[in-house]
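Letter by letter, the chains look like this.
There are 2 protein chains.
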Amino acid sequence: MSSNPATVSQALHWRYATKKFAPRAIPDATWAMLRESLALTPSSYNLQPWKLIAVENSAVRERLQTHSWNQGQITGASHLVVFARRTEITEADVDRLTQQITNVRGTPPEKLAAYRQMMVSGIVKGKGAQAQKDWASCQLYIALGQLMAVAAVLAIDTCPLEGIDPAKYDEVLDLKATGYETVVACALGYRSADDHYALAKKVRFATDEVVTKV
Amino acid sequence: MSSNPATVSQALHWRYATKKFAPRAIPDATWAMLRESLALTPSSYNLQPWKLIAVENSAVRERLQTHSWNQGQITGASHLVVFARRTEITEADVDRLTQQITNVRGTPPEKLAAYRQMMVSGIVKGKGAQAQKDWASCQLYIALGQLMAVAAVLAIDTCPLEGIDPAKYDEVLDLKATGYETVVACALGYRSADDHYALAKKVRFATDEVVTKV
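Residue numbers (the numbering used here), protein chains in the order written: chain A, 1 to 214; chain B, 215 to 428.
Keep in mind that the hints were calculated from the coordinates and are not lab data.
A hint or two may mislead.
As a list, the in silico DMTMM-like pairs of lysine to aspartate or glutamate whose alpha-carbon atoms are at most 25 Å apart [said to hold, decoys possible]:
#  : chain 1 : residue 1 : chain 2 : residue 2
1  : B       : Lys234    : B       : Asp409
2  : B       : Lys427    : A       : Asp174
3  : B       : Lys347    : A       : Asp134
4  : A       : Lys201    : B       : Glu250
5  : A       : Lys133    : A       : Asp93
6  : A       : Lys213    : B       : Glu385
7  : A       : Lys133    : A       : Glu181
8  : B       : Lys415    : A       : Asp93
9  : A       : Lys19     : A       : Asp134
10 : B       : Lys341    : B       : Glu276
11 : B       : Lys341    : A       : Asp93
Computed footprint of chain A on chain B; a stretch qualifies when at least three of its residues, placed anywhere within it, have a C-beta under 8 Å from a C-beta of chain A [to be verified]:
#  : stretch
12 : 221-231
13 : 265-271
The beta carbon of each residue, even a glycine, is placed where N, CA and C say it ideally should be.
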């Protein structure tokens with residue numbers, strides 16, 4: 001059972017970076033699915049170098065808002081997700097993944113040795129400290145892209161939020177000692193009837209200009 | 215008209231990084247929608263710092279495959295999209311966007327002056343050469359995430375491809391003089407009946423572990 005192209009196209013045209021949310025909560029079943037979609041995000045080597053933090057506490061949201069150019073979506077949206085990347089990729093991260101493969105599929109560890117070695121040489125030893133962070137950030141943006149797309153097809157509004165102070169977010173969310181650090185955030189909910197941005201024509205470069213053919 | 219959470223969840227569980235594609239073409243209408251979805255991808259400031267190249271020419275695909283650890287998806291999938299980022303973000307890029315806003319919405323340029331200035335100080339002057347590239351890469355991964363999610367809900371298989379040689383891709387695709395450079399690729403089509411990876415249980419860390427609550 002799949003959706004049809006026209007419905008999905010309509011959803012992507014409908015979505016926009018919502019500036020003002022209505023005081024209306026995403027139903028539990030829909031939120032559960034959006035939350036699951038985050039955990040299902042594909043990533044390089046399947047390493048999933050991230051934590052996603054759903055901020056429900058309104059006092060915490062208010063503090064985050066002060067570190068976000070006071071953008072109203074932080075407190076006004078039904079849900080707020082903070083995307084944090086792994087600060088470094090270690091052999092322990094690789095082992096955590098291979099262990100999970102063994103748990104889920106019953107694959108004996110020795111059959112994962114070559115895969116493990118690929119991850120160690122490709123990421124753990126193959127990338128410097130900053131390159132590991134950059135790589136983890138890219139993976140996190142797959143999660144952001146998937147979340148916004150999935151939300152759109154479910155008729156849930158989103159606003160990606162890069163205009164935040166990651167270091168302050170880390171403080172407020174107590175991430176310092178966790179090995180994860182804030183990169184970006186996304187607010188989710190329903191557009192307010194008086195968000196006039198909802199009525200503005202979508203601006204994109206022409207598809208033929210953006211997607212060329214060889 | 216939107217999809218329901220159960221359908222979307224099913225689609226995300228169904229998708230996997232397809233290793234072997236069947237020799238079956240994505241229908242034109244579906245491809246047109248996937249192509250459009252790339253152009254509709256949200257990005258920071260809406261700057262859309264990318265080119266997407268749909269590689270249809272089979273000789274070009276064969277050359278790319280030699281720069282991709284010989285992965286069969288490069289030639290075997292119905293479609294192959296190469297994701298290229300802008301190599302630097304200049305005032306001309308900002309002007310291209312504000313011009314497009316004026317074209318689409320009729321907004322007079324003087325009303326876009328503050329927005330223009332934000333982009334110039336935030337990205338053009340606010341980020342160094344490497345930071346601009348990293349920022350553009352992140353945006354590109356939103357496109358990748360959205361494409362894979364949208365494809366899944368349309369029952370189209372995908373395989374993201376980071377194991378490619380970007381510099382060689384730039385050569386083969388003649389990107390050198392364009393101001394864009396390869397970052398990642400994605401194959402799209404239909405899984406082969408004998409791709410045994412399709413039957414393997416999906417491995418992810420537990421949702422409760424990945425998505426925490428504050």
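These are the hints, each one checked on the structure:
Taking the CA atoms of B/Lys234 and B/Asp409, the gap is near 5 Å; set against the 25 Å cutoff, the hint holds. Straight-line distance between C-alpha atoms of B/Lys427 and A/Asp174 comes to about 12 Å, which keeps the hinted pair within the 25 Å bound. In summary, the hint linking B/Lys347 to A/Asp134 is supported, as the alpha carbons are separated by about 11 Å, within the 25 Å threshold. Only pairs whose Cα atoms come within 25 Å are accepted, and A/Lys201 paired with B/Glu250 is accepted, the gap being roughly 16 Å.
The straight-line distance between the Cα atoms of A/Lys133 and A/Asp93 is roughly 14 Å, inside the 25 Å bound, and the hint therefore holds. A hinted pair counts as satisfied when its Cα atoms are at most 25 Å apart, and A/Lys213 with B/Glu385 qualifies at roughly 16 Å. Using a Cα cut-off of 25 Å, the hinted pair A/Lys133 and A/Glu181 holds, with the two alpha carbons roughly 10 Å apart. Of the supplied pair hints, the one linking B/Lys415 and A/Asp93 holds, its CA atoms being roughly 20 Å apart against a limit of 25 Å.
Pair hint A/Lys19 plus A/Asp134 does not hold up; C-alpha atoms about 28 Å apart against a cutoff of 25 Å. With a C-alpha separation of about 37 Å, the suggested pair B/Lys341 and B/Glu276 falls outside the 25 Å cut-off, and the hint is violated. With a CA separation close to 31 Å, the supplied pair B/Lys341 and A/Asp93 exceeds the 25 Å bound. Counting residues of the stretch 221-231 of chain B whose C-beta sits closer than 8 Å to any C-beta of chain A gives 9, which meets the bar of three, so the coverage hint holds.
Counting residues of the stretch 265-271 of chain B whose C-beta lies closer than 8 Å to any C-beta of chain A gives 7; at least three are required, and the coverage claim holds.
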